[in-house]
Amino acid sequence: MSTSITISNLSKSYEETKALDSINLSISEGEIFGFIGPDGAGKTTLIRILTTLLLADEGNAIVDGYDVVTDYKQIRNNVGYMPGQFSLYQDLTVEENLTFFAGVFKTTIKENYHLIKDIYQQIEPYKNRRAGKLSGGMKQKLALSCALIHKPKVLFLDEPTTGVDAVSRKEFWEMLNKLKQDGLTIVVSTPYMDEAALCDRVALIQKGKILDINSPENIVKSFPFKLYGVHTKNIYHLNNHLNSLKETHSAYLFGESIHWTLKDNYSANDIVKRIKENEFNDVSINTIEANIEDCFMELMTK
Amino acid sequence: METTVKVNNLVKKFGDFVANDNLSFEVYAGEIFGFLGANGAGKTTAIKILCGLSKPTSGDVNVSGFNIYKDREKIKRNIGYMSQRFSLYDDLTIADNIKFYGGIYGLSREKIKSKTDEYIEELGLQEYVKRSISDLPLGIKQKLAFLIAVIHEPKIVFLDEPTSGVDPITRRQFWNMIYQQADKGTTVFITTHYMDEAEYCNRISIMVDGKIEALGTPKQLKEDFKTETIEELFVQLARNAKND
Chain A
1 MSTSITISNL
11 SKSYEETKAL
21 DSINLSISEG
31 EIFGFIGPDG
41 AGKTTLIRIL
51 TTLLLADEGN
61 AIVDGYDVVT
71 DYKQIRNNVG
81 YMPGQFSLYQ
91 DLTVEENLTF
101 FAGVFKTTIK
111 ENYHLIKDIY
121 QQIEPYKNRR
131 AGKLSGGMKQ
141 KLALSCALIH
151 KPKVLFLDEP
161 TTGVDAVSRK
171 EFWEMLNKLK
181 QDGLTIVVST
191 PYMDEAALCD
201 RVALIQKGKI
211 LDINSPENIV
221 KSFPFKLYGV
231 HTKNIYHLNN
241 HLNSLKETHS
251 AYLFGESIHW
261 TLKDNYSAND
271 IVKRIKENEF
281 NDVSINTIEA
291 NIEDCFMELM
301 TK
Chain D
1 METTVKVNNL
11 VKKFGDFVAN
21 DNLSFEVYAG
31 EIFGFLGANG
41 AGKTTAIKIL
51 CGLSKPTSGD
61 VNVSGFNIYK
71 DREKIKRNIG
81 YMSQRFSLYD
91 DLTIADNIKF
101 YGGIYGLSRE
111 KIKSKTDEYI
121 EELGLQEYVK
131 RSISDLPLGI
141 KQKLAFLIAV
151 IHEPKIVFLD
161 EPTSGVDPIT
171 RRQFWNMIYQ
181 QADKGTTVFI
191 TTHYMDEAEY
201 CNRISIMVDG
211 KIEALGTPKQ
221 LKEDFKTETI
231 EELFVQLARN
241 AKND
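Just so you know, the sequences run in chain order A and D.
No gaps in the numbering here: position 180 of the first sequence is 180 in the working numbering, and each next residue is one more.
No gaps in the numbering here: position 60 of the second sequence is 60 in the working numbering, and each next residue is one more.
Read the hints as simulated data drawn from the structure, not as lab findings.
Please note: incorrect hints may appear among the correct ones.
[To be verified] Simulated pairs of lysine-lysine, DSSO-like, Cα-Cα distance not exceeding 30 Å:
#: 1; chain 1: D; residue 1: Lys48; chain 2: D; residue 2: Lys130
#: 2; chain 1: A; residue 1: Lys170; chain 2: D; residue 2: Lys211
#: 3; chain 1: D; residue 1: Lys141; chain 2: A; residue 2: Lys209
#: 4; chain 1: D; residue 1: Lys184; chain 2: A; residue 2: Lys133
#: 5; chain 1: A; residue 1: Lys226; chain 2: D; residue 2: Lys222
#: 6; chain 1: A; residue 1: Lys106; chain 2: A; residue 2: Lys151
#: 7; chain 1: A; residue 1: Lys246; chain 2: D; residue 2: Lys184
[Stated by the list, open to error] Cβ-Cβ distance ranges computed for the label pairs, FRET-style:
#: 8; chain 1: A; residue 1: Gly84; chain 2: D; residue 2: Met1; range: 34 to 44 Å
#: 9; chain 1: A; residue 1: Leu53; chain 2: D; residue 2: Gly106; range: 43 to 53 Å
#: 10; chain 1: D; residue 1: Glu118; chain 2: A; residue 2: Leu245; range: 21 to 31 Å
#: 11; chain 1: A; residue 1: Asn177; chain 2: D; residue 2: Gln236; range: 13 to 23 Å
#: 12; chain 1: A; residue 1: Leu245; chain 2: D; residue 2: Gly65; range: 52 to 62 Å
By construction, the Cβ of each residue, glycine as well, lies at the ideal position given by its N, Cα and C atoms.
Based on the sequences and whatever the hints tell you, model everything.
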């Protein structure tokens, strides 16, 4: 597979804050690649450098064969970008926005309609409505259509699903998977750890540094501990209790259970037996597989 | 059990559009109540009413013992509120933010002083005291915003997506603070898009197209709707709405 994006020793600081600290990674053509990390991790800075909207302090990056500094004009013609904040023209209608973006790239809606058909059809009944009057989900579909209308080779999406409900998030990822089938390289950032599983490969990012780069399956496989799911009626109190034990390496609330790892070779069954004799007599445990969030937290605290 | 929020047949219309369609529910003292729904389901409209910022079209609403029609100003004074979008003044120092909010709620100078010391101690902010809020990492900022939202010891605090974008460890520390507050008897009324967080609530409601379609403990709801997780249940309910 050929390389779509190469990033070498990229660093960027804002005054004393290091937003990106020597980032190295490469992304293949036709891949869905995820930047996974919380706010302030450096995801937006990285995407802005790759889309030639921001200059790095050190290092370089190549996107689709072009250098982000010297060849910025070519890159701008060949990438699609959907920023985190809705940045279409609120006073223009749906159709006017799309016509405008097609015009900027010297193309027409007609010429590239096949690229956006699946997505645009869903909002076409509202094509005479002003963009500012659309619902959140419809705005997102319009923004994605506008980012695709010039047939980009690489699509950058900065937190497209932040603040979006679980159903709309699912639908958005279904759209991305369809686009991938057309050979588009997709770079997407998200603070939702569960979305990592929907990417081909991900970079886990925290405070400007990459914690790990791999496929979600391999990241999960490399979790270095035996992980237990712990159940009880009052998980909050049990979680505090587990955290106070000297044998505990980590104990985190996860929905209706606690994810628990142990130091050294302590036996979980022995500890549970002891706990049950005290106040938590309904505790039960089973071994479970780690998820991306388990891995992220483990890497964060390393 | 003491009731902090009592909503009966609440209707809110904007022109012909029915944003809240006959909502009825109660929230009890010391309860963590998750208020879930898809974007546009009508959550924000309902929260604005509960916070005394907007009047219902019809129906009865009682918050912290005050009636929504007669005592809206008293409701505002007796609740806490925190949102993801705006919480603290970035250009003010930590101490000034605490002083400002304490002042708004009419706390005495001594009380503000002791709260300031307490919060700085609790969050380990000694080195940040004289710095402006913008210097704080997001996670700490959100924790501080939460403490400030309950500075006047309200019976209920409304948290609107307080953990969006926060790293996974801080998100859990934030939930620890929520549990502690609830243990003290404060009612916590929370919205979130993280479905695992829905499982941490004592009870949740799921709104679809202006109506409450599910209400109960996470365990009970999963049994009733025969789903493995709250996420599954949420998707099931919200998808039905979109297919209408």
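Please work out if lysine 48 (chain D) and lysine 130 (chain D) have their alpha carbons no farther apart than 30 Å. violated (34 Å)
With the threshold set at 30 Å, check whether the alpha-carbon distance from lysine 226 (chain A) to lysine 222 (chain D) stays at or below it. Since the Cα atoms of lysine 226 (chain A) and lysine 222 (chain D) sit roughly 28 Å apart, the hinted pair holds (cutoff 30 Å).
If you draw a straight line from the CA of lysine 170 (chain A) to the CA of lysine 211 (chain D), is it 30 Å or shorter? Holds, at about 22 Å.
How does the Cβ-Cβ distance of glutamate 118 (chain D) and leucine 245 (chain A) compare with 21 to 31 Å: does it lie in that range? holds (28 Å)
For a C-alpha distance cap of 30 Å, please report whether lysine 141 (chain D) and lysine 209 (chain A) respect it. holds (21 Å)
Regarding the pair lysine 246 (chain A) and lysine 184 (chain D), is the alpha-carbon distance no greater than 30 Å? holds (28 Å)
Take the C-beta atom of asparagine 177 (chain A) and the C-beta atom of glutamine 236 (chain D), compute their distance, and say whether it sits inside 13 to 23 Å. holds (21 Å)
Could you grab the alpha-carbon distance between lysine 106 (chain A) and lysine 151 (chain A) and see if it respects the 30 Å cut-off? The given pair, whose Cα atoms are some 11 Å apart, holds under the 30 Å limit.
Given the hinted pair lysine 184 (chain D) and lysine 133 (chain A), is their Cα-Cα distance within 30 Å? violated (43 Å)
I want to verify a distance hint. Is the separation of the beta carbons of leucine 53 (chain A) and glycine 106 (chain D) within 43 to 53 Å? The hint (43 to 53 Å, Cβ to Cβ) holds, given that leucine 53 (chain A) and glycine 106 (chain D) are roughly 47 Å apart.
May I ask you to test the hint 52 to 62 Å on the CB atoms belonging to leucine 245 (chain A) and glycine 65 (chain D)? Because 42 Å falls outside the window, the suggested range is violated.
Quick one: are glycine 84 (chain A) and methionine 1 (chain D) within 34 to 44 Å, going by C-beta? Holds, since glycine 84 (chain A) and methionine 1 (chain D) (Cβ atoms, about 43 Å apart) stay within the stated range.
Hints 1, 4, 12 from the list above are not met by this structure, while the remaining hints are.
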